[in-house]
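Undergrad: Quick note, the sequences are listed as chains C and Y, same order.
Read in order, the letters of the first sequence are residues 1 to 156 in my numbering.
Read in order, the letters of the second sequence are residues 157 to 389 in my numbering.
For the record, the hints were derived by calculation from the structure and aren't laboratory data.
Mixed in with the good hints there might be a few duds.
Computed cross-link-like contacts, DSSO-like style, restricted to lysine-lysine with a CA-CA straight-line distance of at most 30 Å [unchecked claim]:
no., chain 1, residue 1, chain 2, residue 2
1, Y, Lys-284, Y, Lys-234
2, Y, Lys-284, C, Lys-46
3, C, Lys-82, Y, Lys-355
4, Y, Lys-193, Y, Lys-355
5, Y, Lys-193, C, Lys-82
6, Y, Lys-355, Y, Lys-284
7, Y, Lys-349, Y, Lys-193
8, Y, Lys-349, C, Lys-82
9, C, Lys-79, Y, Lys-193
10, Y, Lys-234, Y, Lys-193
11, C, Lys-46, Y, Lys-193
12, Y, Lys-234, C, Lys-46
13, C, Lys-79, Y, Lys-355
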Amino acid sequence: MSHGSTHASDGHGAHDDGRVHAHISPFGFLVAIFAALIVLTLVTVKASYYDFGSANAVIAVFIATVKAALVALFFMHLKSDKPFHGFIFVMAFVFLGVFMLFCMEDLGTRGRLDDSAGVQIQPRSGDVAPGGLVTPGGPEGHGAAASAEHGAPAAH
Amino acid sequence: MASTHDTAPHAETLAHAHPAFLHHHYDTPEQQFDSAKLGMWVFIVTEILMFGGLFVAYGIYRGQETHIFHLAHEHLNKVMGAVNTVVLLFSSLTAALAVRESQLGRRNRTTVYLVTTILCALVFLVVKYFEYAHKFHDGLLPGRYFTAHLHAAHGHEALPYRAHMFFALYFMMTGLHGLHVIVGMCVLVWVLKVNLAGKLSPEFFTPVEIGALYWHLVDLVWIYLFPLLYLVG
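Chain Y with its partners taken away, still in its complex shape (with noise of 0.2 Å):
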């Protein structure tokens, strides 16, 4: 079959040769590319519609215990947060410079604008590492694991019990972003092979652009996330 492509006289209507990257159920570069963006953008709805269940639990939640909520949320480290908002906006930037580097193909400036994102991504996991083991040296866990009711701590008096329901939220919050930060390294680091095996060109930039775009959404929901559960008590 595949020799008669060849010969076939419809390979003359189209506009273009079909080129390596052009999957053959297109008909054109740019009918795929439409393609992948609006599978990308629909991803994207039932992400935010997944965090959404969290963010309404947490909206109930402060909405009942305003005054535990506060007390609770003194012990997360505004800074720790702070310096994770900026390492992620930063990422964020090297993520569309990247789109806009191999936009005009230039593979060498997307490869270390990738690289900078995947090491902002791992800066970010550290930190929240810290934020985490402290936590759990505190006590400041889900459910029957929290002790913090035990004993005051660094200042603080010992929470109420019932505190425990804000350190469900943070960590289940701010555990599945911390999900996604893996993925999104995942995802950055197959696109960085695919630019450097040298597939992309500015006709074909797609995984840069589609993985840039769940990069940002990882961000997005970040920053929802910070003032909402360190700033706002």
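So that you can see chain C by itself, here it is in the shape it has in the complex (with noise of 0.2 Å):
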């Protein structure tokens, strides 16, 4: 995997006539890859009716990142295509991250939902915040908690 700026990298030999090299995958081995993107599904279906706790979402993304990784690298050709393109693809996930930590991070101060009381609970005093959770429907709901304050419906 040299990270040459030419064709050659690519074990096609030295092409400089302009013409296009691409890497033509042969029939078994798409074949090949599409089984086992057809055995991880049949993992994380049989994974889901087992209770790893907190691990279950950990889990379920582990496998489809390895299932995307297939595609990407050999229906989509990652693996024989130039360097940068597949660079600017995990960019992509990079910056995902990026815009996904952030979020989290900002949420540690905020408020959290009392499921129980069905208020708002501010972060840092533990107080109820104002407005409450109102339940439109009436009160058979099950958030029906919050029909304490009804006094004041329709507050959407």
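Please dock the two separately framed chains into a single complex, following the hints provided.
TA: Here's what the structure looks like:
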């Protein structure tokens, strides 16, 4: 995987003739990748019937990422493509990570929802935030704990 | 001006004569091909970031209301989601095979694989239609259209009202993805038309390559949507 700027690094030999020299994937190889994707799908479905606690999402995202890598590397030809295309693609996920990280960080300073009381709790003082949570559609619903404050309906 | 091209001395300095598919502002087919691919990869990045906003919203909501999220996700049909996953993976395979056949200059085989890919897209949308119809019927809808907190359904207890947020995310994520499936179908139909018109060759298969890249992106998004929405609660 040299980072040469010409196609010579792709194992096609030197080509300066200006023609397109893209890698052609063998039929059996593409089918094998598909088979691997199906197996991984079965694994992730099977895994969803077991409870690994908070690791559930981690396992699911890990398997999905392996599948995505197979699709990107072999179906989308990133493996035999110019390294720069792969770089662009990976950067999308890097910046998505930055996006998510800052949002999560920010949320740590926000209030949280109190399920049982149907109210929002202020982060620092622990006080109940004004307004509360209103449940439209009557008090039959589970979220009806908030109906204590139903003097002001239709807050939406 | 055009008539001078035949006699222009600089024509000799080009490695190849200008084939019909080569736009005049490119020097070589290779340059044109690489430009198309670079453009497509940058476009794919913008698509990932667009979906990324929804995935971040998903992460935040799931982190805050894990329990309600779990209750709500049980209303999704795992089997239908899994079937659609297999359909999309298979369509990705046929799209990759269409590229291969086009590279080899086998027009009829390219046509077969492109048509198969388009049919898979249709199957995906039909399954999606049945899923959506079921959600509509049960009032599992976003915002004020959500009515599943008023009555129990299908052996499930009534959901808390705040579960409407799960279905807002579900419909936005699968809806935006579904829109991409429809656009992808249109792109593939266009590629099919170009192929049938006999405009492609081992020297010029860019439309198949780019169309397939788009289709793989659609598959890629679903690879994450399926486990995150249907499987982990």
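Undergrad: So which of those numbered hints doesn't the model satisfy?
TA: 6, 10, 11
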